[in-house]
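J.: Fit chain X to the given chain V structure using the hints.
2 protein chains.
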Amino acid sequence: MLKTYAYQDLDAQAIQALVNRNTDPNHAIQDSVLQIIEEVKQHGDVALKSFAQKFDKVELEQLYLDAAEIEALANSISRDQMRALEIAFQNIYKFHQTQVRRERTVETMPGVSCWRELRPIEKVGLYIPGGSAVLPSTLLMLGIPARIAGCREIVVCSPPQNNGKINGFVAYCLKLLRIDKVYLVGGAQAVAAMAFGTESIPKVNKIFGPGNQFVTKAKSLIQGMTDVSIDMPAGPSEVLVIADESCTPAYVAADLLAQAEHGIDSQAVLVCTSASIAAEVNKELESQLAILPRKELAAKALKNSYTVIAKDLQEAMDFSNAYAPEHLIIESDQWKAMVNKVQHAGSVFLGHLTPESAGDYASGTNHTLPTSGYARSYSGVSVDSFVKKITFQHITEQGLEQIGSTVEILAELEGLHAHKNAVTIRKK
Amino acid sequence: MLKTYAYQDLDAQAIQALVNRNTDPNHAIQDSVLQIIEEVKQHGDVALKSFAQKFDKVELEQLYLDAAEIEALANSISRDQMRALEIAFQNIYKFHQTQVRRERTVETMPGVSCWRELRPIEKVGLYIPGGSAVLPSTLLMLGIPARIAGCREIVVCSPPQNNGKINGFVAYCLKLLRIDKVYLVGGAQAVAAMAFGTESIPKVNKIFGPGNQFVTKAKSLIQGMTDVSIDMPAGPSEVLVIADESCTPAYVAADLLAQAEHGIDSQAVLVCTSASIAAEVNKELESQLAILPRKELAAKALKNSYTVIAKDLQEAMDFSNAYAPEHLIIESDQWKAMVNKVQHAGSVFLGHLTPESAGDYASGTNHTLPTSGYARSYSGVSVDSFVKKITFQHITEQGLEQIGSTVEILAELEGLHAHKNAVTIRKK
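Top line first, the protein sequences correspond to chains V and X.
Heads up, the first sequence is in our numbering, so the first residue is 1 and it goes up one at a time.
Heads up, the second sequence is in our numbering, so the first residue is 1 and it goes up one at a time.
Same shape as in the complex, but just chain V (with noise of 0.2 Å):
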């Protein structure tokens, strides 16, 4: 069913063109995303209740629900369901929580002080995906880390449903984080609310969030035009599983259908370390597929996607390890021992009881991460990413004689005579 490859017929052309992926951008579509932009800028909230008659078929008064309107939606949900949210909320909150630490001083010569302080960024924006897919766990992922970081002005954008409203699970989360005001926009539009401001709607310093290739395109465009920063560029969500001798086929095919629902464009890559697996993997998946809802979808995306055959868990390793991927999945007795190997992915999930699954929603790790070989550079959403880190130094009088001369023999090198006098006048 997937395509098979072995690792060892792969040159070293082979295995670059089998990682690459999502390097097409269409320019088809940036041209539409720009007329959009440029609306939002012109004519705001006007603009922003055109395009929700226009993509999400609905007329909307006000272009937000307030807290009565949050609350009432919220309380329409179970009681299980309320609770299983309030468990990830947990979870994600206790494991954010360690990711910031005030730093020590180090006095680098005696007499001078540096160290480092953290701020929150002041505003920030959280795009949280709805149309086919509600995801409120999203919410969690962005509003958890953005209020541990104490974050002054937190600005939800979401589209709204049919009736004009929000789902009923993103209200119990907006809820959770005490955020008492979602704005109903969706698409590229709500990045360019935030990144411009409207009427309705405040500007932020960075905006983070994942979507469909508007929203993404939206993101990238106005990195460039203005001076709101974004989380990561992003494209289709994707899972490499590496898998031995000691896997469960069983499993290891429910790990790669978890990936492949998520849209057509999505890539399940399974690298194990013998045909014989490939071949039981791919039988389980066969009778997975047959019982999934969304199995036309899978099917498409696992079209999209393909198998390695390696010799050892370390070739394994190696093909991963140029592939990057967002989702790692190591399904081996031999977990512990490939940790320390694992040199670029988004988020790492060891051994035979891990799926993905629980760290996209409940164990506590962040669900937004790099795709496309961009865990190659980047990291992964966590508190880092909504605050700024300034340094602070103060230099005393002896410590003003300790590093006075470096300075000015620096600055005189460089033929930066100000910078050597803004050193020697203070000497006197």
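One thing to keep in mind: the hints can contain errors.
In this list, chains with the same sequence are indistinguishable; a pair is considered to hold if it fits within one copy or across any two.
Unchecked claim - Restricting the straight-line Cα-Cα distance to at most 27 Å, the calculated cross-link-like pairs of lysine-lysine (DSSO-like) are:
#: 1; residue 1: 3; residue 2: 303
#: 2; residue 1: 283; residue 2: 427
#: 3; residue 1: 389; residue 2: 94
#: 4; residue 1: 389; residue 2: 123
#: 5; residue 1: 427; residue 2: 94
#: 6; residue 1: 428; residue 2: 295
#: 7; residue 1: 203; residue 2: 57
#: 8; residue 1: 428; residue 2: 336
#: 9; residue 1: 427; residue 2: 336
#: 10; residue 1: 283; residue 2: 428
#: 11; residue 1: 389; residue 2: 341
#: 12; residue 1: 123; residue 2: 341
#: 13; residue 1: 203; residue 2: 341
#: 14; residue 1: 311; residue 2: 3
#: 15; residue 1: 165; residue 2: 203
These are computed hints drawn from the structure, not numbers from a lab.
Just so you know, these numbers come straight off a predicted model, no measurement behind them.
T.: Positioned in the frame of chain V, the structure of chain X alone reads:
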């Protein structure tokens, strides 16, 4: 000399107008940079050699200097200069060394363990400007955190001098960093070479470093065109000095001039707590400027600068936070009380004896910092910039029992049945 505004006369819009800078990107530059990128992409080394001829007026047979050539150049500088570079190296190393620490594992539920591990970005490219100003200090500021992070490949590009070599100071820093090769490429073509790779120059994962507007534009363009990331968007350098009655006007003027001498597009902003301080600083500016070698340049930059008179330090800090300066100097006896009020800045210099030039060279803090208001959402370069943080998780049988139903409920409510099944199948 400096234009002067009273804070009390400024409404929100007027403040916005004052803090806005570099908001008009030059599209003429974009076209020529795109052309340079295309040339390098298509013709590799051949294009680089022809650009060296055109822009650097030098015929290059080979695009790099090797260890022996670097060693020879490094030995050409004086013992005092070597010593100054060594002290800078040690201080920068000492401060940056403390920036990354192993994080502890969090058990979010019994049997559910989550943690983050650092991994270096494998291949990094450092751009070291040359031309009129030679900046060995920038090589230290980028090379040291790259070494501490453990980056496997550090590619350094710097424009060749007329003699087809690099300057001895840069060579000595290469030696201190144990980097045994430097590529003789400058400008947008250097960025393109590191983004796409050529016969001589390896493709990297992330590109760092300041540069003129061509370099900056190239960095922002390749970020959208490739999977290569960049340290931060960069604009002209800037300082904001807060000064109260306790200041020494001559020091304040010296600090403003140290900024102004960088280039005509630099900005030096004085925020002080009385008109008489402003008058005294202006007087000092005039006399110090008169004897400065780069006085024409600095005088032009001062035309682009201004003073704001605030009623007290709090108001001064409000303006500074609105401006979000790259460098903030607080020349006041009250500096300790101001630290917590600094919300947006790149690097902060506290008290009367802490000139910015100390941090530019040798105190230990990094001088690659967010300009143009980017300090609202970006941090300066640090070891963080050279690593990724990968999340890991491991779930035991007990953990799966604890977390399983939560994941199942959440997957169900998001309509992702294969996600649910990845847990259900493991519970059997």
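J.: Does each hint hold? Answer for all of them.
T.: Structure-based check of all given hints:
no. : hint         : verdict
1   : 3 with 303   : within (8 Å within a copy, 66 Å between copies)
2   : 283 with 427 : between (79 Å within a copy, 21 Å between copies)
3   : 389 with 94  : both (22 Å within a copy, 17 Å between copies)
4   : 389 with 123 : both (16 Å within a copy, 24 Å between copies)
5   : 427 with 94  : between (50 Å within a copy, 25 Å between copies)
6   : 428 with 295 : between (79 Å within a copy, 23 Å between copies)
7   : 203 with 57  : within (25 Å within a copy, 46 Å between copies)
8   : 428 with 336 : between (61 Å within a copy, 24 Å between copies)
9   : 427 with 336 : between (57 Å within a copy, 22 Å between copies)
10  : 283 with 428 : between (82 Å within a copy, 19 Å between copies)
11  : 389 with 341 : between (30 Å within a copy, 14 Å between copies)
12  : 123 with 341 : between (38 Å within a copy, 17 Å between copies)
13  : 203 with 341 : between (42 Å within a copy, 22 Å between copies)
14  : 311 with 3   : within (18 Å within a copy, 72 Å between copies)
15  : 165 with 203 : within (23 Å within a copy, 48 Å between copies)
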